[in-house]
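Novice: Assemble chain W onto chain Z, guided by the hints.
2 protein chains.
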Amino acid sequence: MYRTRQMRTTKYLLSTQKEMPSGTDIISHQLMLRAGMIRKLASGIYTFLPTGLRVLKKIESIIREEMNNICAMEITMPFIQPAELWQKSGRWDNYGPELFRIVDRHDCHHVLAPTHEEVISMLIQREISSYKQLPLILYQIQTKFRDEIRPRFGIMRSREFVMKDAYSFHSSQECLKKTYEIMYRTYSKIFKRMGLIFKTVAAGTGIIGGNVSHEFQVIANNGENHITFSTESDYAANLELAEAVTLICKRSPPKQDMIQIDTPKTKTILSLVKIYGVSIEKIVKTVIVKASQESGYKLVALLLRGDHELNTRKAEKIDMVKSPLTFASEKEINDWIGCTTGSLGPINLPFPIIADRTVVNMSDFIAGANIDGKHYMGINWERDLQLPFVADLRKVAEGDPSPDGKGILKIVRGIEVGHIFQLGTKYSSVMKTSIQGEDGSNHIVNMGCYGIGITRVIAAAIEQNHDNKGIIWPIQLAPFEVAILPINMYKSLLVNKVTEKIYRLLIAKGIDVILDDRQERLGVMLADMELIGIPYIVIIGDRKLKHQELEYKIRNFPQIQTIKESEIVPFLLKACDK
Amino acid sequence: MYRTRQMRTTKYLLSTQKEMPSGTDIISHQLMLRAGMIRKLASGIYTFLPTGLRVLKKIESIIREEMNNICAMEITMPFIQPAELWQKSGRWDNYGPELFRIVDRHDCHHVLAPTHEEVISMLIQREISSYKQLPLILYQIQTKFRDEIRPRFGIMRSREFVMKDAYSFHSSQECLKKTYEIMYRTYSKIFKRMGLIFKTVAAGTGIIGGNVSHEFQVIANNGENHITFSTESDYAANLELAEAVTLICKRSPPKQDMIQIDTPKTKTILSLVKIYGVSIEKIVKTVIVKASQESGYKLVALLLRGDHELNTRKAEKIDMVKSPLTFASEKEINDWIGCTTGSLGPINLPFPIIADRTVVNMSDFIAGANIDGKHYMGINWERDLQLPFVADLRKVAEGDPSPDGKGILKIVRGIEVGHIFQLGTKYSSVMKTSIQGEDGSNHIVNMGCYGIGITRVIAAAIEQNHDNKGIIWPIQLAPFEVAILPINMYKSLLVNKVTEKIYRLLIAKGIDVILDDRQERLGVMLADMELIGIPYIVIIGDRKLKHQELEYKIRNFPQIQTIKESEIVPFLLKACDK
Chain Z
10 MYRTRQMRTT KYLLSTQKEM PSGTDIISHQ LMLRAGMIRK LASGIYTFLP TGLRVLKKIE
70 SIIREEMNNI CAMEITMPFI QPAELWQKSG RWDNYGPELF RIVDRHDCHH VLAPTHEEVI
130 SMLIQREISS YKQLPLILYQ IQTKFRDEIR PRFGIMRSRE FVMKDAYSFH SSQECLKKTY
190 EIMYRTYSKI FKRMGLIFKT VAAGTGIIGG NVSHEFQVIA NNGENHITFS TESDYAANLE
250 LAEAVTLICK RSPPKQDMIQ IDTPKTKTIL SLVKIYGVSI EKIVKTVIVK ASQESGYKLV
310 ALLLRGDHEL NTRKAEKIDM VKSPLTFASE KEINDWIGCT TGSLGPINLP FPIIADRTVV
370 NMSDFIAGAN IDGKHYMGIN WERDLQLPFV ADLRKVAEGD PSPDGKGILK IVRGIEVGHI
430 FQLGTKYSSV MKTSIQGEDG SNHIVNMGCY GIGITRVIAA AIEQNHDNKG IIWPIQLAPF
490 EVAILPINMY KSLLVNKVTE KIYRLLIAKG IDVILDDRQE RLGVMLADME LIGIPYIVII
550 GDRKLKHQEL EYKIRNFPQI QTIKESEIVP FLLKACDK
Chain W
10 MYRTRQMRTT KYLLSTQKEM PSGTDIISHQ LMLRAGMIRK LASGIYTFLP TGLRVLKKIE
70 SIIREEMNNI CAMEITMPFI QPAELWQKSG RWDNYGPELF RIVDRHDCHH VLAPTHEEVI
130 SMLIQREISS YKQLPLILYQ IQTKFRDEIR PRFGIMRSRE FVMKDAYSFH SSQECLKKTY
190 EIMYRTYSKI FKRMGLIFKT VAAGTGIIGG NVSHEFQVIA NNGENHITFS TESDYAANLE
250 LAEAVTLICK RSPPKQDMIQ IDTPKTKTIL SLVKIYGVSI EKIVKTVIVK ASQESGYKLV
310 ALLLRGDHEL NTRKAEKIDM VKSPLTFASE KEINDWIGCT TGSLGPINLP FPIIADRTVV
370 NMSDFIAGAN IDGKHYMGIN WERDLQLPFV ADLRKVAEGD PSPDGKGILK IVRGIEVGHI
430 FQLGTKYSSV MKTSIQGEDG SNHIVNMGCY GIGITRVIAA AIEQNHDNKG IIWPIQLAPF
490 EVAILPINMY KSLLVNKVTE KIYRLLIAKG IDVILDDRQE RLGVMLADME LIGIPYIVII
550 GDRKLKHQEL EYKIRNFPQI QTIKESEIVP FLLKACDK
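Protein chains in written order, with the numbering used here: chain Z, 10 to 587; chain W, 10 to 587.
Excised from the complex, chain Z in its bound form (with noise of 0.2 angstroms):
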């Protein structure tokens, strides 16, 4: 653990600020910036001050620990690396603006280094011959840089950020996936030692590639990613992600004829709804986007309820569907159907029909009728008009039955702290890493990679864990663990040896303590460390020591406690799991 031998605020940077910072918008930004946590020096660039570095070391020695026990090895690759390397696996071009070059004294182009896929798969080809050398995890814990056009939210997205990057190599895909499953479980071990409430969602791979990814998020009012849970299960994805199930079991038979009906004033769903008084739980909407190339077709028609809405990567997904998905404009769908969009339906369409899973099984329901001012009820699959294809095309809502069919989904918000990947054979193809398999033969290695943002965890942390007052820390993440506020340590001899005792008891015990000796009112103390978010404070005066008691404050816990002196030094000891 990340220890100082003693700390006195008379010997600290404790720089916290009561005034709100001009040009931060997120609440974490705010509070690290006031409670001297970090400054910024330019645009997405900032100082660690002792609190905030003391918080960042925390981090680091939770995951060093649980590396280390899975016997991944600790390396340090370069910052800076030759052009040569990056244009060797194509990301000199692909990486963009985001990439921060540098040009040396003598002409060679270089990289400030974002990540070490390049680096390390070289590394491996020299360093490693035999299959009988691997499996192999190496990590390292750095800083790394990214050039973002609009660097925002503090450190949260910052052009300078600590990572903790790890690699994993393998002679075959079925040792991939073992690895894989470890470092998920000791990534789930990581976020819980930090006292995090998160969630584990299969995410999409970007700009890394490989198949599989997971990715690991803290949840937050703030947070960027919209995810997806269930009530009664593990089951959790990325919105975008998650799969819809059908809302109707089973396609109840019709019950009414399919009748036009005129709707002049209705360009909407909810249009048609209050002037027609139907359920929108009746009504199908229809979006008519463009198709791909190879299915043959000029548009295609996504139907979905009418209390949907359309999941655009879903439906991009879809081999008929042009990708990226672009909508049909006014003009097309005027040309090719003769309606406007709020006419449109299913009934005579000269396009291909995919239904969302839920409206394949829906009868007696409302769409346009494809003319203007008209709609039809009534309609009915099979009946009216023929089986449609079927697909995934919603985006799941709060409520939903989970897809594991078991309890419902809730809709957080979350941030990325940890993303894993299988990466395959990406980046060893490229950088021809191989081995000698237990063939003879030579084998092209399997590769896994796995991140921590360790400056977003902060911020994370932050979002998660405040109130009015300040930051709420984790114990496990907290600059300090105890704050002493002594009242009048200067005038009242029993109160400066009382605290003083105190003070060497829990440094003695490990604990990681904070005396307050600036000789400031009890009020000013105790905002500051609530601010920083100090897990127990502990206050010693003269009014409550006549008794032979002091008083503590349990900092996400609004009220100040009474406890004898001879009980506090080991309250805290168990607080602090010491």
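These are calculated hints, taken from the structure and not from any lab test. Heads up, some of the hints might be wrong.
The list treats identical chains as one, so a pair stands whether inside a single copy or across any two.
Claimed, not checked - Heads up, simulated PhoX-like pairs for lysine-lysine below, C-alpha to C-alpha not over 25 angstroms straight-line:
| hint | residue 1 | residue 2 |
| --- | --- | --- |
| 1 | Lys-198 | Lys-20 |
| 2 | Lys-20 | Lys-326 |
| 3 | Lys-27 | Lys-141 |
| 4 | Lys-187 | Lys-518 |
| 5 | Lys-20 | Lys-383 |
| 6 | Lys-49 | Lys-441 |
| 7 | Lys-478 | Lys-141 |
| 8 | Lys-419 | Lys-478 |
| 9 | Lys-500 | Lys-20 |
| 10 | Lys-20 | Lys-441 |
| 11 | Lys-276 | Lys-187 |
| 12 | Lys-198 | Lys-274 |
| 13 | Lys-500 | Lys-141 |
| 14 | Lys-587 | Lys-518 |
| 15 | Lys-307 | Lys-187 |
| 16 | Lys-441 | Lys-186 |
| 17 | Lys-97 | Lys-404 |
| 18 | Lys-510 | Lys-49 |
Specialist: Below, chain W alone, put in the same frame as chain Z:
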């Protein structure tokens, strides 16, 4: 301390190599490559493999502990810094092409930092307002960047390197001096704890600037710097800066008459000694250099005893002498004196004469006559020519008396691993770093800065501690304290049982131990562990186990020793100071 749970060679990236690596010019670079500590990625840019990083982390731990002990606070300042800051301090231009520069996507210019005086001055200006908050020591442990024109010697002169840099701030010069002394003692303690032989020398201040400065030099044959120290006191200095005392305490009265002799074939001092059989200690040599403009003269003559060498840095510090030191050309000497350099001497010289401290105490000496092919013998001060200006002009030589009057001087070579500076107000005045003083008015703060080249310490430690088998780590820096080498571990149940028992016992006691479970021959294992430099190697085999015995080898001791099985763990605990 930096520890991992446990380590077996089959799960470890040992990466040792027998072959001498090509393109290496010093032993530490060769051994770091062969011991699997580092790998080159590009010119002056290295990856640290597990063994190298373990040593690096041990050094960092020692430094961090000692810095925290003096209540210095750790922070982390950015790698990327805006150009404006460096323009403000003037170093954007002065630092030259060694400064890595970056242009970001918005065309803003930045520096990839080699040092942090600018950033920390600005930080302190914002965070500190009163003398009550001082003194303050802040430090960081971080990779730095320098675009060396010719990176060489491995990590000794690389483009990426790890530094501990510390900065102190004070409301007075006296307070700066006090902290400087504390830092001086702390640095001495740090290098002692690392088990290194080093000397602390007064030094110049170079590009960092300031008034007082000391270097910490690790003694090693390959060192770039020549340093001199006393055999009987703490006196040590850079050879260039070491004071040379007179070798003749009192001038003897003249014994000879001054006579002119013909010396047609003597262009050099050595030929004078050889042909005329005179002692070199009776000869004075004359060096003609340009005078400073302020002196009003064209040239100046410098006199040294025949066996002494001119110290150019001492000479150019004399007001009368032009700086940088410029020797008079043959033509100038001929035009102004009328002879060639081989016949120069102090008699009838039309320029001011500055004599070294030893020369002014010589009597009956020999020098050129300023006439080609002629010398004077039996020259005596005051009788034959007036007393000259006297100065310390010569380089000290091995065997000279120490300037502090205690012992004689030795000359060794050193590698600079630490440097401390009293900067005064050099940076704080340009960065406007001021505080409110005790008198209520504004004062520019006094500043000190203190660096340790952490990666350099690794190379220096190896240069100082190695033999033809490999590295000999001081135990405090060793990647592992103990290596266990079992013979036929997978064939002999007994060897297996004893090996695992000792391994577990040592780990439980907190010893860093590596178990070589590769099933290699003893010779191969021993060669690897001696190459890596593990201080204690335990050999476990059936032959000795029959008699309840084991063998061990201390790395810097040639013989393998025998010990009772029951005594090995207590022996190692004591050896490792556990």
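Novice: Mind listing which of the numbered hints don't hold for this structure, in increasing order?
Specialist: Hints 2, 4, 5, 7, 8, 11, 12, 15, 17, 18 are the ones this structure does not satisfy, whereas the remaining hints hold.
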